[in-house]
Amino acid sequence: MTYFADVRALARKDLLLELRARDTLPSMLLFVAAVFVVFHFSLPSGSSTLAASGLLWVAIVFTALLGLGRAFVPEREQRVLDALVLAPCDRSAIWLAKSLATLAFLVAAEIVALPLFALFFHGLRWSTIAGVALADLGICGVGTFVGATAVVTRARELLLPLLFLPLAIPLIIGGVGSSTVDAPGRYLGFLGLYDLLFALLCWAAFEYVVVE
Amino acid sequence: MIAARGVGRRFGDKRVLRALDFELPDRGFMTIIGPNGSGKTTLLRLCAGLSRPSEGELHVDVARERIGFLAHEPLVYRELTAVENLELYGKLYRVRERRERIGMLLERFGLWDARRERVSSYSRGMQQRLALCRVLLHEPQLLILDEPYTALDGEGAKLLDAQLAELVGERTFLVSTHDPARTDQFATTGLALA
Amino acid sequence: MRRISLPVLAVASLVLVTTALALVFFVVPDDADQGFSQRIFYFHVSIAFTSYLCFGAGAWKALLHLWRRDPRADLESYVAVHQGVIFGALVLLTGSIWAKISWGHWWVWSEDQLVLFLVLFLFYAAYFMLRFSVDPGPQRANLSAVYALFGVVLVPVSFLAIRLSHRLIHPEVFTRHGPNFGGWILAAYLVSQVAVIVLAYTLYRVELAGKRLDVRIRELRTA
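For the record, the sequence lines run as chains L, V and F.
Oh and the first sequence: position 131 is 131 in the working numbering, straight run, nothing missing.
So the mapping is simple: the working numbering equals the position in the second sequence, first residue as 1, plus 1000.
So the mapping is simple: the working numbering equals the position in the third sequence, first residue as 1, plus 2000.
Okay, chain L solo, but in the shape it has when bound:
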């Protein structure tokens, strides 16, 4: 199936670029650690661990934003996107490949961030990890899509958070729900629904973002 071969070739390219540049992943890790420290000082004493769980999701979304801001930089700066668009592959493959690569970085950052969070704020539930896994799919799918949109505009870095955050609100609600509530099943199910709906939408609509 040539579609997946295309996705693999493109994703491989994205991963190679990041391994060579080595700037996005370390920045995300440092950022997340710094944010946790800020949280400690921001939470009033006597706050429950539940409040900290909620803030975990803020940290994840903003760390993801950091990574997403870098996602289309090579394509934009060197206008390589034109060459990719001209290629015979389905344009949605560009989105899927980039999402998968971004997902890889986000998960890599979380592999460090989540244990760190458990260390600083005493504990991590299985449902939190499941929620993070599901929310990551939505964050990367929608975030990559919005990142491509932002990149073709004049405002670029300014526009990415503005476009992304309203779309991320349901993810945060789902995520916080899965972290804090006794019966998280409903929230995990909701996250799955979000992922499915928006993945379909992004997949179908990406063509129109990169082609006139």
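All clues stand as given, with none of them false.
Anything over 12 Å on all C-beta distances counts as not near chain L; from chain F, calculated:
1. LEU2014
2. ALA2089
3. ILE2097
4. LEU2186
5. ILE2197
6. ARG2218
Residues from chain V that keep clear of chain L, each with C-beta distances beyond 10 Å, as calculated:
7. GLY1006
8. LYS1014
9. GLY1028
10. GLU1055
11. VAL1060
12. GLU1097
13. GLU1107
14. TYR1122
15. SER1123
Chain L regions said to be covered by chain V (calculated; three or more residues, Cβ under 8 Å):
16. 13-24
17. 81-94
These are calculated hints, taken from the structure and not from any lab test.
Nothing here was measured: the structure is a model prediction, and the numbers come from that model.
Glycine is no exception: its CB is placed at the ideal position from the N, C-alpha and C atoms.
For this one, chain L is given, so just place chains V and F on it according to the hints.
For chains V and F alone, kept in the frame of chain L given last:
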């Protein structure tokens, strides 16, 4: 292969192309000349399918995978090597006997020795030569070249001349240039933009 | 629908809105719990529904643009979304007033509609930021259309999320007795709803005509 009737393109309030009529038959070679800002790049992008005309009709009778487009920028990833770049495009264009073809092109354009170095270490001339490899990799039927000689050094220009001489008459060419004398020997038709 | 002329629409709006105001403020009986000031709720609901209609229309026109390449659809989509945002702002305003009347606070997180409109307002405000940071042309039209479609998917998803979020936030249990839909109350709702829809459509047509004129002038100037 390309037919344009009344083609125009506007960017916001600025009109870059206006009421263009021309035809480029199969296997023809068209040279486009004009001062800076006259819309040469815009026209080439329209023909490549990267942009749509604001008015008029433009018919390009060739499939996307049979078009090779050389832009002002080389359109290669600077942090990848020449081989990695061409491998990527080779896979996306489903080039047969990819490795052999990449090797052949790199050698023809004098990049074989530098093939495992990152493009960021290349000179501008070398990057342009790599761009030519990229364009020729999938044996396109229609070649759209935007000022191909501008970034080339003397050696590269000779290589391009040789390559053009080999392909003219078999492929269709749409070339914009500042120096029409170079392509006069190949051109079958021309277009001047104001 | 395009054959209904603008003056006719304007007059219809005027008549309907006046009738609605009259019904709501003079005919309908006082609400059992909240008295006279509850009447703003008639308009709050009508405006909210109209706002959804506008966003839906914007998304429909966006689909027409992407799918059928209808040349008029981009501008129509933009104006529809614009009307949706204007009425959305009014929802937040009337909702805030109603919250103050009902519960003594200018904002309550327990009202799903209000929170949903806040999220949508943020989303569609970003729509305008997006539109104004791209030069006019096919690319701007495409990006706007795609974003409008995302908005329409976001509405039910956000609504579901907000309902789920009630278990997370400190529960503020505010009971509200639903109005019983007898006679004049129902009539007042219906008339207000129709009045606001017609008003929105009139404003839509006015703005669309103005924008089309702008485009035409620009085309002539750069010919």
